[in-house]
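Listed below, chain by chain, are the residues.
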Amino acid sequence: MISPSRWLPFEKPLQDIEEQIQALEAYAAAHGIDRSEKIAELRVMHADLSHQIFSNLSAWDKTMMARHPNRPYTLDYIKLIFDDFIELHGDRRFGDDPAIVAGVGRLNGETVLVIGHQKGRDVKERQFRNFGSARPEGYRKAMRLMELAERRHIPVIAFIDTPAAEARLEAEERGISEAIAACMALMSRLRTPIVVSVIGEGGSGGAIGIAVGDHISMLEHSVYSVIPPEGCAAILDTFGRDGTRGHEAACALKITAADNLRMGIIDEVIPEPLGGAHRNAAETAVLLKDTFTRVLAGLHKLPTDVLLANRYAKFRALGQYIDPSAPKKKAKK
Amino acid sequence: MISPSRWLPFEKPLQDIEEQIQALEAYAAAHGIDRSEKIAELRVMHADLSHQIFSNLSAWDKTMMARHPNRPYTLDYIKLIFDDFIELHGDRRFGDDPAIVAGVGRLNGETVLVIGHQKGRDVKERQFRNFGSARPEGYRKAMRLMELAERRHIPVIAFIDTPAAEARLEAEERGISEAIAACMALMSRLRTPIVVSVIGEGGSGGAIGIAVGDHISMLEHSVYSVIPPEGCAAILDTFGRDGTRGHEAACALKITAADNLRMGIIDEVIPEPLGGAHRNAAETAVLLKDTFTRVLAGLHKLPTDVLLANRYAKFRALGQYIDPSAPKKKAKK
Amino acid sequence: MSEPSRPSVPPGLWQKCPKCRALLYVKELERNLRVCGQCQHHFQIGTAERIAQLVDEGAFTELDDGLLPANPLDFPDYEEKLVRGRAKAGQNEGFIYGDAVIDGVPTVLGVANFAFMGGSMGSVVGEKVTRALERGADLNRPVVLVCASGGARMQEGIVSLMQMAKTAAACARLKATGNLYIVVMTDPTTAGVLASFASLGDICIAEPGALVGFAGPRVIEQNLKIKLPPGTHTAEFQLNHGMIDLVVPRRELRTTLGKLLSYLAPATAAADVDAPVAVAVD
Amino acid sequence: MSEPSRPSVPPGLWQKCPKCRALLYVKELERNLRVCGQCQHHFQIGTAERIAQLVDEGAFTELDDGLLPANPLDFPDYEEKLVRGRAKAGQNEGFIYGDAVIDGVPTVLGVANFAFMGGSMGSVVGEKVTRALERGADLNRPVVLVCASGGARMQEGIVSLMQMAKTAAACARLKATGNLYIVVMTDPTTAGVLASFASLGDICIAEPGALVGFAGPRVIEQNLKIKLPPGTHTAEFQLNHGMIDLVVPRRELRTTLGKLLSYLAPATAAADVDAPVAVAVD
Ligand SMILES: [Zn+2]
Ligand SMILES: [Zn+2]
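The listed protein sequences derive, respectively, from chains A, B, C and D.
Residue numbers for the first sequence follow our numbering, so the first one is 1141 and each next one is one higher.
Residue numbers for the second sequence follow our numbering, so the first one is 1141 and each next one is one higher.
Residue numbers for the third sequence follow our numbering, so the first one is 237 and each next one is one higher.
Residue numbers for the fourth sequence follow our numbering, so the first one is 237 and each next one is one higher.
With the rest of the complex left out, here is chain A:
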């Protein structure tokens, strides 16, 4: 039984059971008494409750899961998924952004370009990674290497995990808006397959900046949103401009993997191990790897022009509006 360093509020009942089990085990060991029956009972209860809890998480619960400090990050998955990985650095203009990692990886003997937001685990690394908030240099590094991938016919795999793009003055001065826009424009026409997976927080412009691809998946407990729910609640009078009503905004914003799948924003939800990716990174990695492998096999069969036409059409179709002049007078999906 993996013990995460921090329990989320909705995990309280599980925490209680785990503590009971531990207490019983300790008591049994200390007094030489057999409590295995009771413990087995508790374990069954734990499993049942886990299933119940984790298959009914609210959008706000999922937000907590997506931000869980133990959640595996891009470099964790890279280590688990790829046979080898050589990280490459720099935008050849200004700097190297540690909030977006990029490099050459080997997936089942095939070379791929891997890009992804990178958060930090401890205080020091968090600062170094700028909490996963990318600067213009990050997007420009990704662009430079994607152009190389295009020339060498190497597919791109992108991991999305960022609260938002860096917005402070220095990022503004170096054109964070331009960098995000140019990266999306490039990806929309890159002549090689692009596979995208949201593994944690898919945070607004910072996320979509490297999330234009042929296949978009989300891990079961990740979120993908135009704005953090708290931010939305703090701005909209709908939620009384009240930062404490983030759970309401989270629900209204439809940010979960299931929501995004239903709306056609993503192609697939990748299930997580019971209790979330952070309880079994290795198993999650296997599921991600299986998805990448299967999806790439399909994409490799497409002629490049068809690949690009499909990709354009995919994003072209996103949006819901009423077009009275359209042949069928109903909302277009």
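If you're looking for bench data, these hints aren't it; they were derived computationally from the structure.
Among the clues, some could well be false.
[Said to hold, decoys possible] Derived lysine-lysine pairs resembling DSSO-like cross-links, with alpha carbons at most 30 Å apart:
| id | chain 1 | residue 1 | chain 2 | residue 2 |
| --- | --- | --- | --- | --- |
| 1 | C | Lys461 | C | Lys255 |
| 2 | C | Lys495 | C | Lys252 |
| 3 | A | Lys1219 | D | Lys495 |
| 4 | D | Lys495 | D | Lys252 |
| 5 | D | Lys463 | D | Lys255 |
| 6 | C | Lys252 | C | Lys463 |
| 7 | A | Lys1441 | D | Lys495 |
| 8 | D | Lys463 | B | Lys1264 |
| 9 | C | Lys495 | B | Lys1441 |
| 10 | B | Lys1264 | D | Lys461 |
| 11 | C | Lys317 | C | Lys252 |
| 12 | D | Lys252 | D | Lys324 |
| 13 | B | Lys1219 | C | Lys495 |
| 14 | D | Lys317 | D | Lys252 |
| 15 | D | Lys255 | D | Lys461 |
| 16 | A | Lys1264 | C | Lys463 |
| 17 | D | Lys255 | D | Lys317 |
| 18 | A | Lys1264 | C | Lys461 |
| 19 | A | Lys1178 | A | Lys1152 |
| 20 | C | Lys495 | C | Lys263 |
| 21 | B | Lys1429 | C | Lys252 |
| 22 | D | Lys263 | D | Lys495 |
| 23 | A | Lys1219 | A | Lys1429 |
| 24 | D | Lys495 | A | Lys1429 |
| 25 | B | Lys1429 | B | Lys1219 |
| 26 | C | Lys255 | C | Lys324 |
| 27 | D | Lys263 | D | Lys252 |
| 28 | C | Lys324 | C | Lys252 |
| 29 | D | Lys324 | D | Lys263 |
| 30 | A | Lys1441 | A | Lys1219 |
[Claimed, not checked] Examples of chain A residues toward chain B, derived with CB under 8 Å:
| id | residue |
| --- | --- |
| 31 | Phe1150 |
| 32 | Arg1232 |
| 33 | Arg1233 |
| 34 | Arg1314 |
| 35 | Gly1315 |
The structure displayed is predicted, hence computed values, not measured ones.
A virtual CB, placed ideally from N, CA and C, is assigned to each residue, including glycine.
Following the hints, complete the assembly by docking chains B, C and D with the ligands onto the known chain A.
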């Protein structure tokens, strides 16, 4: 008789005659005496001497001419040559470099992209223009706009006039080397005609960074060199590592327009009005304009693939070495 | 913002400049293209006024004006807000586009309406921007988009975010066909709009003093509890930092656009044969 | 630089590390690929040694080794300097290239020789660099260039400057054929070489501590009479500023190159069909 604010050393005899003429004119006017015969004589002498002096300038003299503080700069020629000019700004990455100007101009009713180094005339403008030493942003602005010119099938006209590229730490930090290299690489394959003219100082990497084109001309008294002569003299033991022997280095380096034409580095020398471009900017502009017009008419006739093949071959052929295995066992031009 | 000590201004006749506080006679202000004669502050203006200022006499035909917003997330309050936005803006949505002639050049022109929910990019805005860009690509015409936006439309959530990718892809497609794309940034041009189609202009022009930035300065100051130096996130700041080509006063905008279009996209120009071939995808 | 107080070092047996001043046993130093065991200082090495360190056993065939410098400007002293350079470097010129196999991947490999007039780029260097890049383009093979240069060869004046344009054009041509180009910057890589082919690698690798910069720090300090902060113009500085991909210690260089080549340019890869078609111009 145009009177430049500063006389160069080799102009001393002309200065003497001009001062004599002025004195005579003043005397004649003050005393009501006719000195026109004497004055006419002096004018003839001045003209003869001018021809003699300016057609026999040494490489060092030419260096002085090329750097003359009254010499017309890129924006001066732009005003005189083009019917309209809209300057465009910024590299979309970091900044706008005033040491390289770029914009859309109209040449005889045809749209052209104009780029060029820009020096400053007075102390303040000199600082603003960084003495014509371009930073990485300048080359990146030029690249951005040349890519637009390529897409819109608009030819490029480049004015070269820089002591050198900016080499200070800030330029280094933002990749001055990469910027120059990338600009040359782009120009070598840009699918639109590129016409280049060295109008003052063609200073090493800073110059060649925007000087890769289909036709390269030099104004008669401009120079084009791998290093400033003083710099060369200060470094090489050949000149005793003595900064004062710049005139010797200038001669050895073969930096004049005639030298460059003889060596096949440039295609054409554009004559300057007697006494140099700064004595008659308008006339110089006409000569430049005629060259651009004639050259572009020729380049427009070439299919783009031929244009590019010629451009590649042009620079490919530069270099002199002995190739014993080559069919003809002599130095290759 | 308002100064209670001043006498109230009779609506319609006089208007107070929000920058220099001068009282301006509305007719005079209109003659001046809604630029303050005292301090040159550029007022936000409506789409009809903007179009009239830019196109050749009467040379604008709106397209797809019937597109109406849906409520893809069933977001609470959204429909009420749309009703209010429609009333305030006098338009169906926050963006209109159509065929225009500017200085004799057939152009696809799009104009954002900040009055409609802050010019936020919902599905209709994203769709119309995309259609404008695609029309330019398909008809081989230049596209001019006049931007004004607070960013994403939160009530459309992730669907709004996807408009960034959709419009950026349409920009890339327009450019791949060799056509010219000019952006005019007006006050304010920010967030998701700036970080997508607004930053991708071949030529980016901004009006003087316009707020132009990814996050507004106030957001940064609040979130980070810092004080920014004055003048950040303006058109002039962005010019200094290489992000835009030109800051052009409103009274010169038509002339500048006209020149750029007729120099860079003359009507007689043939389709670009050398540029990479665009794949038809519609 | 030298410390006169120390006892003189018997040549051939021991060598002093210029960085940490440790006395190193030459045989040990050679086993260590000429990297100081104390401070990891990477000594400059000759082309033969470099090639032996990088290529598969014996898998290097030099090309065009007979190219000899001319004296295009009739520059005073140049021919004497060439004689001295030849003696010092034990080679005809400052650059050699040829066909190599690295980790099983057929590669065009070029290596600069700093000992020959500071690795300066005269006509022969420029020509050989260009031929190496063209060979990669024509045979569809990756190109690896190991750089070391003080910059232009002043004695060839403007002809030397033109090698920047020539080699940059050859880089662009190689890339347009879709092929991979890797640069290895060794101590020092500067000036005209850095501002042309050395900066154009798809992947740029540098050895630790190598001087890498447009103008050397000493030149800047002398010209501007300022003191630079320590550590500028090094491989690590350039990595920090986004200019290079990797700083790789010499003992890992072969492995890293081998992986990059076999991952990004496997011998079985077909010619790039989607990339823009290169025009044959030779
Ligand atoms: Zn005012
Ligand atoms: Zn040492």
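Right, here's what the structure says about each hint:
1. Lys461/C / Lys255/C: Status holds; Cα separation ~25 Å.
2. Lys495/C / Lys252/C: violated, 34 Å
3. Lys1219/A / Lys495/D: Since the Cα atoms of Lys1219/A and Lys495/D sit roughly 17 Å apart, the hinted pair holds (cutoff 30 Å).
4. Lys495/D / Lys252/D: violated, 34 Å
5. Lys463/D / Lys255/D: Given pair Lys463/D, Lys255/D holds - Cα atoms ~20 Å apart, limit 30 Å.
6. Lys252/C / Lys463/C: holds, 28 Å
7. Lys1441/A / Lys495/D: holds, 26 Å
8. Lys463/D / Lys1264/B: This hinted pair holds, its Cα atoms lying about 26 Å apart.
9. Lys495/C / Lys1441/B: holds, 26 Å
10. Lys1264/B / Lys461/D: Holds, at about 22 Å.
11. Lys317/C / Lys252/C: holds, 27 Å
12. Lys252/D / Lys324/D: holds, 20 Å
13. Lys1219/B / Lys495/C: holds, 17 Å
14. Lys317/D / Lys252/D: Given pair Lys317/D, Lys252/D holds - Cα atoms ~27 Å apart, limit 30 Å.
15. Lys255/D / Lys461/D: Within the cut-off at roughly 25 Å; holds.
16. Lys1264/A / Lys463/C: Since the Cα atoms of Lys1264/A and Lys463/C sit roughly 26 Å apart, the hinted pair holds (cutoff 30 Å).
17. Lys255/D / Lys317/D: holds, 28 Å
18. Lys1264/A / Lys461/C: holds, 22 Å
19. Lys1178/A / Lys1152/A: Given that 30 Å is the threshold and the Cα spacing comes to 20 Å, the pair holds.
20. Lys495/C / Lys263/C: holds, 29 Å
21. Lys1429/B / Lys252/C: violated, 52 Å
22. Lys263/D / Lys495/D: Judged against 30 Å, a Cα distance of about 29 Å means the pair holds.
23. Lys1219/A / Lys1429/A: Given that 30 Å is the threshold and the Cα spacing comes to 11 Å, the pair holds.
24. Lys495/D / Lys1429/A: Since the Cα atoms of Lys495/D and Lys1429/A sit roughly 22 Å apart, the hinted pair holds (cutoff 30 Å).
25. Lys1429/B / Lys1219/B: holds, 11 Å
26. Lys255/C / Lys324/C: Holds, at about 23 Å.
27. Lys263/D / Lys252/D: The hint holds at about 13 Å.
28. Lys324/C / Lys252/C: Distance ~20 Å between Lys324/C and Lys252/C Cα, so the pair holds.
29. Lys324/D / Lys263/D: holds, 21 Å
30. Lys1441/A / Lys1219/A: Status holds; Cα separation ~27 Å.
31. Phe1150: violated, 45 Å
32. Arg1232: With a closest approach of 5 Å, the Arg1232/A hint holds.
33. Arg1233: At 6 Å from the nearest chain B Cβ, Arg1233/A passes the 8 Å test, so the hint holds.
34. Arg1314: Result: holds, 6 Å to nearest chain B Cβ.
35. Gly1315: holds, 6 Å
Comparing the model with each earlier hint shows violations of hints 2, 4, 21 and 31; every other hint is respected.
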